[in-house]
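Asks: Letter by letter, the chains look like this.
Number of protein chains: 2
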Amino acid sequence: MLEEKKMALTPVSQLGEFGLIKHLTDKFSLKNSSSELGIGDDASIINPENKKVVISTDVLAEGVHFNLGYVPLKHLGYKAVVVNLSDIAAMNATPTQILVSMAASNRFPVEAFDEIYAGIALACEHYNVDLVGGDTTSSQAGLILNITAIGLANENELAKRSGAKPNDLLVVTGDLGGAYMGLQILEREHSVYLTNPNMQPEMEGYDYILERQLKPEARTDIKKTLTELDITPTSMIDISDGLASEILHLSDQSKVGFRLYEEKIPMDTLTITTADEFNLNPAMAALNGGEDYELLFTISPNDYEKIRNHPDFTIIGHATELEQGNYLVLRGSEQLTPLTAQGWDALLSK
Amino acid sequence: MLEEKKMALTPVSQLGEFGLIKHLTDKFSLKNSSSELGIGDDASIINPENKKVVISTDVLAEGVHFNLGYVPLKHLGYKAVVVNLSDIAAMNATPTQILVSMAASNRFPVEAFDEIYAGIALACEHYNVDLVGGDTTSSQAGLILNITAIGLANENELAKRSGAKPNDLLVVTGDLGGAYMGLQILEREHSVYLTNPNMQPEMEGYDYILERQLKPEARTDIKKTLTELDITPTSMIDISDGLASEILHLSDQSKVGFRLYEEKIPMDTLTITTADEFNLNPAMAALNGGEDYELLFTISPNDYEKIRNHPDFTIIGHATELEQGNYLVLRGSEQLTPLTAQGWDALLSK
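In order, the protein sequences belong to chains H and L. Take 0 as the starting number for the first sequence in numbering that gives the first Met the number 0 and just add one per residue. Take 0 as the starting number for the second sequence in numbering that gives the first Met the number 0 and just add one per residue.
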């Protein structure tokens, strides 16, 4: 994508390792009072301000997690941050700092790093987090981005995967399946492009799901909403691998079963019509697609009234005793089908 | 090296991503009271116990930072942890947790990960730190290891790079240049091996410097020693890139100059004799070699008596006003030569 801009490209060797890091991080400043010392020392210093510290790390690898054929570098930088902030939000904590490590082959010029860091800067700005450290190195091939995110929370606010109790309500934020259907559009149009580079990609009308895939957002707003509603989730996880897989994680760690109602799964109209276009059951996209970065959590049934009409939340099921297992209640029937992390043969086509 | 053991090798695909992480991390348990929640949730939870949190991250890339032709995987895992703990020690903090991310091409079987994690486990045990998180992914080529280390310290104990004052004493732990001379031996013997695989490598008698290169240690013991001596360093850094480069970092961030005395630089006899063998000035190995992972720090001149006969420390120079610049005082003379991070032409050969 850089080539298209016909820019003069600067090899990384022209700046050197220290020079590159300085060039990339010079524009970042510290905004949070908990960020006591940022980039430039042996380590950064964080003042936890009497809170607990949560920390998470994720690797994104070229050819595995992203395809630079259709993912702009700036979006990649933004998304790499979001994915990690989502993990912090899934603890019901507030993200405050990130560290960014990168390994890139010498096919990436300084301008490519600039684009990635522009995306990282945008995410830092949007989510009010500080870049406080990192490392950059050359590698044998490809691009590897590793982001570590740090967040703070009071002890009584933290939500683990392990606290759900039978009869707790299963709640999800936003809508699901969009990121997966966006990926299908990108891959279809990329194949067309590879066959005939003169063909214009047909992306029009797919904006919402393309954005869900290329520029997802982390639900760092939910902690505040839950606090205002006076709700502490009994368990929580973010949806990175698909609703089914995440429910099974909560089940496994909370030692409960779940009933999930297919007809309750929130989906955008565009997700549904695009699934139709690909002859897929839209529920499959929600259950197994992943990358929606919405939050899935359980609450005490006593909190039902507080949440039931809230536009940010949808109640999609409830916890049971562990022995009752994990089941999907199919749309328009009482029929149960076991919830598994993969192989939705029954749902794959309509 | 795995091939030599004639083991049955297991492709990573046999375990899958979740399976591999579980397989690798199952044996780790949490030892520190500050480690509230380890691997298995969206993020780990750290209880800072009223201290400041310091955090650092480093990438090690195959072909850039290590050569698997002569670095055993277990040593690589150990060293990757040590490098990061050294950064925490350089803040005068106590390391408590690490997170480990890895990207590896499919030429690495499960047994290779086992070896790396055996080294990581050994380091965790030796330094009393907990593995609390991480991520593992496949990559297009090579092996990338990213470790994030966390440490705790009281506010008044922390030592940044920026606190040195004119007349402060410049102090270093241990001895320098050994890791660099160890690398010269490894590279020489590796070249011989590549030319004639039947030749036995000549490693005998080089144990100390080989260990300095292959299995360095982080000086996490120094914080305790300094506390016992009632010394808080005014500035501190670890020696990863060579003594000269680190002095210039302290100079830059503390806004002071330094006088370094060549004859005071502590070196092991084996480092000196090996440098002789390669026709190098041993001081060059200390000044520009790097990877010694000793600590370099400044103390108030008032603390001179506390430290001057301590076996862990050597006073190698002192800080001056910034305008006086950074100079090396050559051995056996009053002659000054400007201290630069590279290009020790005057010292390269005797």
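Hints may contain errors.
Identical chains share a label here; the pair holds if one copy fits it or two copies do between them.
Taking lysine to any residue and the SDA-like style, the derived pairs with C-alpha atoms no more than 25 Å apart in a straight line are [said to hold, decoys possible]:
1) Lys73 x Thr136
2) Lys30 x Lys50
3) Lys73 x His248
4) Lys214 x His64
5) Lys21 x Asp240
6) Lys30 x Pro47
7) Lys50 x Gly37
8) Lys26 x Asp251
9) Lys26 x Lys254
It is worth saying that the hints were derived from the structure and are not from the lab.
Asks: Now look at each hint and say whether the structure bears it out.
Replies: These are the hints, each one checked on the structure:
Proximity of Lys73 to Thr136 under the C-alpha cut-off of 25 Å is found in both arrangements, the shortest distances being 19 Å within a copy and 22 Å between copies. In this assembly of identical chains, Lys30 and Lys50 lie within 25 Å of each other by CA distance both inside one copy and across copies; the values are 18 Å within and 21 Å between. In this assembly of identical chains, the alpha carbons of Lys73 and His248 never lie at most 25 Å apart, being 32 Å within a copy and 32 Å across copies at closest. Proximity of Lys214 and His64 under a CA criterion of 25 Å is satisfied intra-copy only: 14 Å inside one chain copy versus 33 Å between copies.
Proximity of Lys21 to Asp240 under the C-alpha cut-off of 25 Å is restricted to the inter-copy arrangement: shortest distance 17 Å between copies versus 35 Å within a copy. When the C-alpha separation of Lys30 and Pro47 is checked against a cutoff of 25 Å, the pair qualifies both within a copy, at 15 Å, and between copies, at 21 Å. Proximity of Lys50 and Gly37 under a CA criterion of 25 Å is satisfied in both settings, with 19 Å inside one chain copy and 17 Å between copies. Taking identical chains as interchangeable, the C-alpha atoms of Lys26 and Asp251 lie at most 25 Å apart only when they sit on different chains, with a minimum of 19 Å there against 44 Å within one chain.
Proximity of Lys26 to Lys254 under the C-alpha cut-off of 25 Å is restricted to the inter-copy arrangement: shortest distance 22 Å between copies versus 47 Å within a copy.
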